[in-house]
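Undergrad: Chains A and B, in that order, are what the protein sequence lines are.
Convert by adding 31 to the 1-based position in the first sequence; the result is the number in the working numbering.
Convert by adding 944 to the 1-based position in the second sequence; the result is the number in the working numbering.
Treat the hints with care, since some could be wrong.
[Stated by the list, open to error] Mimicking DSSO-like on lysine-lysine, the simulated pairs with C-alpha atoms at most 30 Å apart in a straight line are: (1) B:K980 - A:K157; (2) B:K980 - B:K956; (3) A:K116 - B:K1085; (4) A:K116 - B:K1041; (5) A:K103 - A:K125; (6) B:K1041 - A:K128; (7) A:K157 - A:K39.
Please keep in mind that the hints were generated in silico from the structure rather than gathered at the bench.
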Amino acid sequence: MTQFMEHKPIDQWLDISQIKSSDDNIYQMSPSDKHLGNPAIRAIHGGVVTTFMERVAEIELSNHSKTSKDTKLISTNVDFLRSAKLEPLFGSAKIIKLGRRLAVIDVYAWQDAIDIPVAKATLSLKL
Amino acid sequence: MLDHLTDAENGKIDWREFAGHYFGEAHPMFSQFNVKIIDVSDQEVKMEASLSRDLRAEHSEHFLHTGALTLLLDSAFGIALFAHIRELTPIATINLKTDYLSPAKSEAKLICTASCFARDGNVARMQGEVRSYASRTVLAKATAAFMIGTKGPSFASPKGT
């Protein structure tokens, strides 16, 4: 089942939707030309992939914590594992720690298959 | 594609002009950054930018989503690396860490600097920051590792081949 997001400006710009599966939330970004880095290779810009992963973490956290409206991203550390083609990009998050003041979240992004990630990020958020 | 940026006499690329072309209005994403290149050298890239309201975190606020600053920094790293190695060989970001220090307003003028601080063979280490133009407050700092000479097409090739 696909649910469209709350439509914050950044979510509209990324064109994010949420796909509910039985166990996990999966988020999808539908990229377009405005998300390209180098148009010659038709790959999504690494900063766009990072922004998508940050939103996946924030949305996932908001689904788990009522205090998440006051979250602030402290830092993002992302490893780019493969080039991201101009095709739907999927993401899922795992909350590693959810304390009173801090959350640490891992996010994976993939395209062809979940076990072939294009990027992996760890994010620290202040609650 | 970039022949007009090359000095016909010595074949050298005008990196400042290249950066202007890279962030120019023809690019579907960078055209939303309103970039003005201040300086490009093999030591550092410095530019001003004001990012579109489309990149705000919330409708009710003027602040940009944090990812917008990473977008700007990752892009500046690419230009800084090209200018540092002085060739348009294919490059790719290996990893990137951004520390978000203070919120940035959309449409407000930002100053972004980026440089290559170390190189070990094909791996280059980049650093950069984004500041508020008005207050000079540091809004974000980032470091990244880039691979030089990846299999991808060159920026200079007409069809990316």
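Undergrad: Can the restraint linking K157 (chain A) and K39 (chain A) be considered satisfied, given a maximum Cα separation of 30 Å?
TA: Answer holds: K157 (chain A) to K39 (chain A) is near 20 Å, not above 30 Å.
Undergrad: Can you confirm whether the C-alpha distance between K116 (chain A) and K1085 (chain B) stays at or below 30 Å?
TA: At roughly 27 Å apart (the allowed maximum being 30 Å), K1085 (chain B) and K116 (chain A) satisfy the hint.
Undergrad: Straight-line Cα separation of K116 (chain A) and K1041 (chain B) no greater than 30 Å?
TA: Holds - the C-alpha atoms of K1041 (chain B) and K116 (chain A) are around 22 Å apart, at most 30 Å.
Undergrad: Hint check: K1041 (chain B) vs K128 (chain A), CA-CA at most 30 Å. Holds or violated?
TA: holds (19 Å)
Undergrad: Between K103 (chain A) and K125 (chain A), does the CA-CA distance stay at or below 30 Å?
TA: This hinted pair holds, its Cα atoms lying about 18 Å apart.
Undergrad: Sort out whether K157 (chain A) lies within 30 Å of K980 (chain B), counting only the CA atoms.
TA: violated (33 Å)
Undergrad: Assess, step by step, whether the Cα of K980 (chain B) is no farther than 30 Å from the Cα of K956 (chain B), and give holds or violated.
TA: holds (22 Å)
Of the numbered hints listed earlier, the single one contradicted by the structure is hint 1.
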